[in-house]
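Novice: For this one, chain A is given, so just place chains B and C on it according to the hints.
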Amino acid sequence: MNVNPKIIAFLCNWCSYTGADLAGTSRMKYAPNIRVIRIMCSGRVEPAFVIKAFKEGADGVLICGCHPGDCHYHEGNYKCLRRFQLLQKYIKQMGIPSERLRLEWISASEGSEFAHLVNEFTETIKGLEPSPIKNTIETFS
Amino acid sequence: MEEKPKIKLAVYWGAACGGCCVSVLDVHESLFTVVEHADIIFWPIALDFKYKDVEAMPDGHIDVTLFNGAVRNSENEHMARLLRKKTKVLVAYGSCAHMGGIPGLANFTNKEGIFNRAYISSESTLNADKVFPQQHFVVPEGTLELPEFYNDVRTLDQVVNVDYYLPGCPPQTERLVEVFMAIVTGATLPPVGSVVGALDKSQCDECKRKKTDNKLVKEFKRPWQIIDDGETCFLEQGVICMGPATRGGCGVRCIEGNAPCRGCYGPPADVSDPGAKMMSAIATMIDSNDPGEIEKIIETIEDPAGTFYRFSLPGSMLRRKQL
Amino acid sequence: MKQYTIDPITRLEGHGKVEIFCTDDGDVENVYFQVPELRGFEKFLEGRPVEEASQIVTKICGVCPGCHHMAAGKATDAVFGVRPTPTAVKLRELFYMAHFVHSHIAHFYALAAPDFVVGPTAPAAERNVLGVIAKVGIEIGTEVLKQRRIAQEIQALLGGHQTHVVMNTPGGVRKGLTEEQRKDILEKAKGFVEFAKFSLKIFNDVVLANKTYVDIILNGPYNLKIYSMGLVDENNKVNFYDGKVRVVDPEGKEHCKYAPEDYLNWVEERVESYSYLKYPYLKQIGWKGFVEGKDSGVYHATPLSRLNAADGMATPLAQEHYEIMYKTLGGKPVHATLAMHWARLVELLYAAERAVELARDKEITSPDIQAKLPNLPKEGVGIVEAQRGTLTHHYWTDERGIITKANIIVGTTNNNAAISMSLKKAAQGLIKKGVTVDEGILNMVEMAFRAYDPCFSCATHSLPGNMPLEVIFRDSKGNITRQVKRK
Chain A
1 MNVNPKIIAF
11 LCNWCSYTGA
21 DLAGTSRMKY
31 APNIRVIRIM
41 CSGRVEPAFV
51 IKAFKEGADG
61 VLICGCHPGD
71 CHYHEGNYKC
81 LRRFQLLQKY
91 IKQMGIPSER
101 LRLEWISASE
111 GSEFAHLVNE
121 FTETIKGLEP
131 SPIKNTIETF
141 S
Chain B
1 MEEKPKIKLA
11 VYWGAACGGC
21 CVSVLDVHES
31 LFTVVEHADI
41 IFWPIALDFK
51 YKDVEAMPDG
61 HIDVTLFNGA
71 VRNSENEHMA
81 RLLRKKTKVL
91 VAYGSCAHMG
101 GIPGLANFTN
111 KEGIFNRAYI
121 SSESTLNADK
131 VFPQQHFVVP
141 EGTLELPEFY
151 NDVRTLDQVV
161 NVDYYLPGCP
171 PQTERLVEVF
181 MAIVTGATLP
191 PVGSVVGALD
201 KSQCDECKRK
211 KTDNKLVKEF
221 KRPWQIIDDG
231 ETCFLEQGVI
241 CMGPATRGGC
251 GVRCIEGNAP
261 CRGCYGPPAD
271 VSDPGAKMMS
281 AIATMIDSND
291 PGEIEKIIET
301 IEDPAGTFYR
311 FSLPGSMLRR
321 KQL
Chain C
1 MKQYTIDPIT
11 RLEGHGKVEI
21 FCTDDGDVEN
31 VYFQVPELRG
41 FEKFLEGRPV
51 EEASQIVTKI
61 CGVCPGCHHM
71 AAGKATDAVF
81 GVRPTPTAVK
91 LRELFYMAHF
101 VHSHIAHFYA
111 LAAPDFVVGP
121 TAPAAERNVL
131 GVIAKVGIEI
141 GTEVLKQRRI
151 AQEIQALLGG
161 HQTHVVMNTP
171 GGVRKGLTEE
181 QRKDILEKAK
191 GFVEFAKFSL
201 KIFNDVVLAN
211 KTYVDIILNG
221 PYNLKIYSMG
231 LVDENNKVNF
241 YDGKVRVVDP
251 EGKEHCKYAP
261 EDYLNWVEER
271 VESYSYLKYP
281 YLKQIGWKGF
291 VEGKDSGVYH
301 ATPLSRLNAA
311 DGMATPLAQE
321 HYEIMYKTLG
331 GKPVHATLAM
341 HWARLVELLY
351 AAERAVELAR
361 DKEITSPDIQ
371 AKLPNLPKEG
381 VGIVEAQRGT
391 LTHHYWTDER
401 GIITKANIIV
411 GTTNNNAAIS
421 MSLKKAAQGL
431 IKKGVTVDEG
441 ILNMVEMAFR
451 AYDPCFSCAT
461 HSLPGNMPLE
471 VIFRDSKGNI
481 TRQVKRK
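Order-wise, the sequence lines are chains A, B and C.
For the first sequence, the residue numbers in this note's numbering are 1 to 141.
For the second sequence, the residue numbers in this note's numbering are 1 to 323.
For the third sequence, the residue numbers in this note's numbering are 1 to 487.
Keep in mind that the hints were calculated from the coordinates and are not lab data.
It cannot be assumed that every hint is accurate.
In silico lysine-lysine, DSBU-like type, Cα no more than 35 Å apart, as pairs [claimed, not checked]:
#, chain 1, residue 1, chain 2, residue 2
1, B, K218, C, K175
2, C, K17, B, K321
3, A, K134, A, K6
4, B, K111, A, K52
5, C, K327, C, K188
6, C, K146, C, K17
7, A, K92, B, K111
8, C, K135, B, K6
9, B, K8, B, K52
Here are the simulated distance ranges between beta carbons [said to hold, decoys possible]:
#, chain 1, residue 1, chain 2, residue 2, range
10, B, A56, C, G252, 48 to 58 Å
11, B, D200, C, D262, 50 to 60 Å
12, B, S30, A, L128, 52 to 62 Å
13, B, D129, A, P132, 32 to 42 Å
14, C, R400, A, T124, 29 to 39 Å
15, A, S26, B, K211, 46 to 56 Å
16, C, E187, A, Q93, 45 to 55 Å
17, B, A56, A, P132, 35 to 45 Å
18, A, T124, C, P86, 54 to 64 Å
19, C, P86, B, E219, 24 to 34 Å
20, A, T139, B, D200, 29 to 39 Å
Among chain A residues calculated to face chain B with C-beta under 8 Å, some are [unchecked claim]:
#, residue
21, E46
22, A48
23, I51
24, K52
25, P68
26, L81
27, R82
28, Y90
29, M94
30, P132
31, T136
32, I137
All C-beta atoms, glycine included, are put in the ideal place defined by N, C-alpha and C.
One chain only, chain A, in its complex shape (with noise of 0.2 Å):
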């Protein structure tokens, strides 16, 4: 059980963050465990961002991008998708639990859609127990 998560949510300036900003504007409540790094495109996440998430102390890592068909810079969500599936591989043989890395497509006007992604994840990561990786990475035995 993990009751105040660190969730990491790396979000790309077309679509998903806007979609995350009109869920502000609208007033849609939402879990506030998120901290949003905003990038131009989801296809600028690459594995060691997710890494370096991790190995500071997040417990749960999301990423949003546009939709397929819909990436303002036409393929860059299709290269995250691909680094994802591949990263979810590598957590997996490091002992990472595959919930602990989402990856979703939210379009700049599914505000709600957004509010209830960031709210089912939370309770996921609610669910998982603090995540170990930066004490064991600042504790040597």
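Specialist: Just chains B and C, lined up with the frame of chain A:
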């Protein structure tokens, strides 16, 4: 003319295989040049200087120490700290000291996992009483000591400050001689913390295999699943090669032997985690936009963690598997 | 109780130490040989694709990486149920002969020669390769370096990477040989034969012609009547690359001859609390303690044991010297530990002759270097002779060929019990009541250990060739009463 004093050189090994010491010896005829300029004052594999001799040295007495091998146990750690104190310029020599090396793969497991496999479940081992090696063991005549075996393998710079890194498994001897002569001739050394004895660019720059811009694949292949034509870039044949994420300087020796690079020279400049970079590149090669097909293609990538971090697991961002 | 600590032992690949306990009178009570290191290859090979094992296990040892590469390569072939092509086998074996040449030369000239050419109780400053060169001439030192370099170059050509070789692939090798390269290697191999003959001549002129040395070899405290193990071909001749493992008892009678996949029926290992290294012994005989004899499962796997376990050498000149050796030392089997040095030179000659045979073989330049892989991967054992003993690699994989389990018995590991016993015997024979434990005595204790060539020797150059020894005398309260250091 006043004779220039010889450099006081030390070579020491932690959890190592001896290959780095062999690489120092592989100077062959240049050995006479080395001995002309250096006094090797500590080298357990070759010389009779003892740990006590190092302890008796004043701090900073040793000019250059080439420390190879990873930090696996308390003896390795003790010697790393001792040599740091007694040395002016401490070089992490070879992949193990630099990034953890092959012994670093033990960070997929821990002490319990290793002890159970080696001493209990090994098929050739009979150990009904579950005897394990002990740090202190009392025998009728006295007490016997062994170093403590840690759970984690560490790089040298995770234990002490390192001045330079000389990468490779082992470092190509020509690179060692270049670095050594630079020190001897008093050339300006790069800033502390630099990687020396290696190129800044990746293996691809040196590699003689033919490359095109098209690296999309519909599946990845194990090296034995292709008939290597000996000329085409491994990645373009679908075989994972760590070349793009690995520094040059080794003379592309494995690729010359028709084996794909496995990354022993560590990441190029400005990249701290080679595995993460490689994953990014490999993912870009997947020729599909459909999640189901992507999944199938990823299934053909065996052991990503052990392949992309073959030599660099302890030095990687996550450092070890969560157990 | 007096306690002498020898820490660290040097001139081996790896770390080691020795504790000698003496009664207050000065007689040796007991000796413990400890290995303080462990890395866990058998565990972290799990999860790796099996074809990668060949390149991961070379990092077990940087002096004999080729041995691990070959054992792993053969195990991987067995996992896939594939026989490599004839050309691939020849290329592997040719690489392997060069590997033996470089290692055996280095060991003999760095470790063995000083004790015999200069003398076991000669001043320490002379008991190294420089002393040898002073006695036999500087051309030889240069020649040693040169021959070692040539052997390494052949390894690099055939094996890709010069140290951590990459040549093996399941069912074959990655790179073929051109006709030009073959001819070049042939000339170099002939040079090895000459150098091997020359080395044997040195041994004959300097050691065998000296009655004192012969006496030390035959009658010194370096004698262990235990089982001998080595790989033999179908004619029971010594073979480093392939064959069956044959074990003979202390009287020379065959105990077993097993194929690699049957090793678990014949060899077992045990654990002691004071060492990270396990102790193999013969399973059917059983572990009876650190004792000699037919009823004890202790065995050794060394150049001498290989010659003991075989009926002869497969090449003519080596066979000649094999016969001379046994005639001189009083018949088979020989238990004189120091005879290992002689056996090593006979093997050097065999490796050189075999390299010539292989380099003459026109089939070695064929492009057919990889066999097709017919079967799903499962399980396999590969055994070769490493320079210091029989080397066994055993892998289990899932249906994708990912390693699920690995078991490895390494060359020097076979000799763990024998080394412990040799050290104890040497110490007991040399350190007694009334004897001053000085430099010469210490060196003679070392000679028991050194003969096994524990994996690394590197003084093929102008560095002092002494093993570091520091003897600390403590009284029964643990206070240091005296220290003897050998610089």
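Novice: Are the hints correct? Go through all of them and say.
Specialist: Hint check results:
Between K218 (chain B) and K175 (chain C) the alpha-carbon distance is near 27 Å, which keeps this suggested pair within the 35 Å criterion. Between K17 (chain C) and K321 (chain B) the alpha-carbon distance is near 33 Å, which keeps this suggested pair within the 35 Å criterion. Between K134 (chain A) and K6 (chain A), the direct Cα distance comes to roughly 12 Å. Compliance with the 35 Å bound is thereby established for this hinted pair. Taking the CA atoms of K111 (chain B) and K52 (chain A), the gap is near 26 Å; set against the 35 Å cutoff, the hint holds.
Between K327 (chain C) and K188 (chain C), the direct Cα distance comes to roughly 31 Å. Compliance with the 35 Å bound is thereby established for this hinted pair. Taking the CA atoms of K146 (chain C) and K17 (chain C), the gap is near 33 Å; set against the 35 Å cutoff, the hint holds. A distance of roughly 21 Å separates the Cα atoms of K92 (chain A) and K111 (chain B); the hinted pair therefore holds under the 35 Å criterion. Between K135 (chain C) and K6 (chain B) the CA atoms are separated by roughly 29 Å; this keeps the pair inside 35 Å, and the hint holds.
A hinted pair counts as satisfied when its Cα atoms are at most 35 Å apart, and K8 (chain B) with K52 (chain B) qualifies at roughly 17 Å. For the hinted restraint 48 to 58 Å between A56 (chain B) and G252 (chain C), the CB-CB distance of approximately 52 Å keeps it satisfied. One distance hint, 50 to 60 Å for the beta-carbon pair D200 (chain B) and D262 (chain C), holds here, with the actual separation near 53 Å. Distance hint check: the CB atoms of S30 (chain B) and L128 (chain A) are about 57 Å apart, consistent with the given range 52 to 62 Å.
Taking 32 to 42 Å as the suggested C-beta distance range, the pair D129 (chain B) and P132 (chain A) conforms, at roughly 34 Å. A hinted range of 29 to 39 Å holds for the C-beta pair R400 (chain C) and T124 (chain A), which are about 31 Å apart. S26 (chain A) and K211 (chain B) have their C-beta atoms about 51 Å apart, which keeps the hinted 46 to 56 Å range intact. For E187 (chain C) and Q93 (chain A), the hinted distance range of 45 to 55 Å is satisfied, since their beta carbons lie about 49 Å from each other.
The hint said 35 to 45 Å for the Cβ distance between A56 (chain B) and P132 (chain A), and at roughly 43 Å that hint holds. For the pair T124 (chain A) and P86 (chain C), the supplied restraint of 54 to 64 Å holds, since their beta-carbon distance comes to about 59 Å. A hinted range of 24 to 34 Å holds for the C-beta pair P86 (chain C) and E219 (chain B), which are about 32 Å apart. At roughly 34 Å, the beta carbons of T139 (chain A) and D200 (chain B) sit within the given window of 29 to 39 Å.
The interface hint given for E46 (chain A) is met, as the beta carbon of that residue sits about 5 Å from the closest beta carbon of chain B, less than 8 Å. For A48 (chain A), the shortest C-beta to C-beta distance to chain B is roughly 4 Å, which falls under 8 Å, so the interface hint holds. Below 8 Å, beta-carbon pairs count as interface contacts, and I51 (chain A) has one with chain B at about 5 Å; its hint therefore holds. At its closest, the beta carbon of K52 (chain A) sits 6 Å from a beta carbon of chain B; the interface hint therefore holds under the 8 Å criterion.
For P68 (chain A), the interface hint holds, since its Cβ comes within 8 Å of a Cβ in chain B; the closest pair sits about 7 Å apart. Because the beta carbon of L81 (chain A) sits about 7 Å from the nearest beta carbon in chain B, less than 8 Å, this interface hint is met. For R82 (chain A), the interface hint holds, since its Cβ comes within 8 Å of a Cβ in chain B; the closest pair sits about 4 Å apart. Taking 8 Å as the C-beta cut-off, the interface hint given for Y90 (chain A) holds, the closest approach to chain B being about 5 Å.
This hint holds: M94 (chain A) has a C-beta 5 Å from the nearest C-beta of chain B, less than the 8 Å allowed. Using the Cβ-Cβ criterion of 8 Å, the hint placing P132 (chain A) at the interface with chain B is satisfied: the shortest such distance is roughly 6 Å. Against a cut-off of 8 Å between C-beta atoms, the interface hint on T136 (chain A) holds, since the closest Cβ of chain B lies about 6 Å away. Because the beta carbon of I137 (chain A) sits about 5 Å from the nearest beta carbon in chain B, less than 8 Å, this interface hint is met.
Consistency note: the structure conflicts with none of the earlier hints.
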